[in-house]
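Student: The primary structure of each chain is shown beneath.
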Amino acid sequence: MSQKVLLNSKEVNIILHRLACQLIENHIDFSNTVIIGLQPRGKYLADRLAHMLKEDYGIKDLEYGYLDITFFRDDFRRGDKPLEANTTHIEFIVEDKNVVFVDDVLYTGRSIRAALTAIQSFGRPKHIELLTLIDRRFSRHLPIQPDYRGRQVDAINEEKVIVNWKENDGEDSVYLINK
Amino acid sequence: MSQLSVNHLLGIKYLNKEDIQLIFETADQFKEVINRPIKKVPSLRDITIANLFFENSTRTKLSFELAEKRLSADVINFSAGQSSVKKGETLIDTVNNILSMKVDMVVMRHPSPGAGVFLSKHINASIINAGDGAHEHPTQALLDTYSIREALGEVKGKNVVIVGDILHSRVALSNIYALQLQGANVMVCGPKTLLPKYIKDLGVKVETNLKKALEWCDVANMLRVQNERMDISYFPSTREYAQQYGVNKELLNSLSKDITIMHPGPINRGVEITSDVADSDQSIILNQVENGVAIRMAVIYLLASKIKQ
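Residue numbers (the working numbering), protein chains in the order written: chain A, 3 to 181; chain B, 6 to 314.
Bear in mind the hints are in silico, worked out from the structure with no lab data behind them.
Mixed in with the good hints, there may be bad ones.
[As the list claims (entries may be wrong)] Below 25 angstroms or equal to it, Euclidean Cα-Cα: the simulated DSS-like pairs (lysine-lysine) are: (1) B:44 <-> A:128; (2) B:217 <-> B:22; (3) A:128 <-> B:45.
Could you put together the complete structure from these sequences and hints?
Tutor: Now the structure itself:
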């Protein structure tokens, strides 16, 4: 098993600031925009971005939550193990809001498809955008593309992209691992 | 641990501690789902479930049906009253006929103890026991202990008394297994005629004085007197039963601490508990009903995930 560093902690930080600025460019004061982190791994990125937008860029009333898509996935009973659920935490209605989905890695696009269905349980959003830290292009099963991307990666299917977060894994970093 | 150790839910007896933990954690997520503006998820859209009720039921049947529909399963209902069972068809024949219509899962209530276990040996579908005679009613025990966990934080170490007709109760047996598996202390209380002779062998305390039992417990689960299962008289009169084993507000107020009151329903108001107790803040009876849907969704979801395509 070999591994290659795609992004180190400094690079992750620069990218996060750029993504935050791009969000502000489009959503200004976030008065009609909500950020939704996709469970399980998109939660950390959403936390980080929300913290950055509030502390570094002075966005006061930022609404954000986490969405678990387990029960909306299309591979139930197709894998070896059941799909374990995570917590959904959305304390607002997304009716007529601009929603920004946040996830760490965009790969086949199936999670995003599930999220697009799942979010409808909380109302009909006006507009939905997608932000991912890593975009594994050429791996898509569905016609889904990110609106904001941290870094594009050309990885083959045997390779795996691992995103680590300081609060959970001890450091901010992104690795490409050859399985 | 992310999978149940069993392929059917026939009784709490066949589960282990980790299974219950997994069911509770999954139910937590479904409880959030059923409180959304849109309360439905598409997980089980390719699963068909037959609800076979060979015995009357309102609450359990509605709760199962709702749980199935919230998971997007296709549902067919069957009640013995309107069926060929009356014409003499055997249980296996009835079920096999239904399974020929490509049903993946069977939820069954039956008056004979062990009907679910029997069926699981002869047919090829996942079976959930929704009550078999006076034997087990596993989903009721799961939702009862889940409700205790919700009200008191945890089940471990809590003192729980089950009051009333223990002899004819499947709820009592399943609750005893479920409570003990989760580390609670269990007591049964009722008139001697309604306590099974060897109940102590299950490792439970036995008490015939209601006041003493209530002083001991954190939670009292009041069972219904099952008149329909009584072939002889087990106590002189309903009035006398209510006086000896009914809980009223006065009795609750005389205790040294506030205890939680549960009831699996349907309530005989004025017999097991009076209206002011059933509707008081100490009662979690309606929470039990809400949790029933979440628990049943969790059980169905986890069992369905083990059905191979």
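Student: Against the structure shown, which of the earlier numbered hints fail to hold, in ascending order?
Tutor: Hint 2 alone not satisfied by this model.
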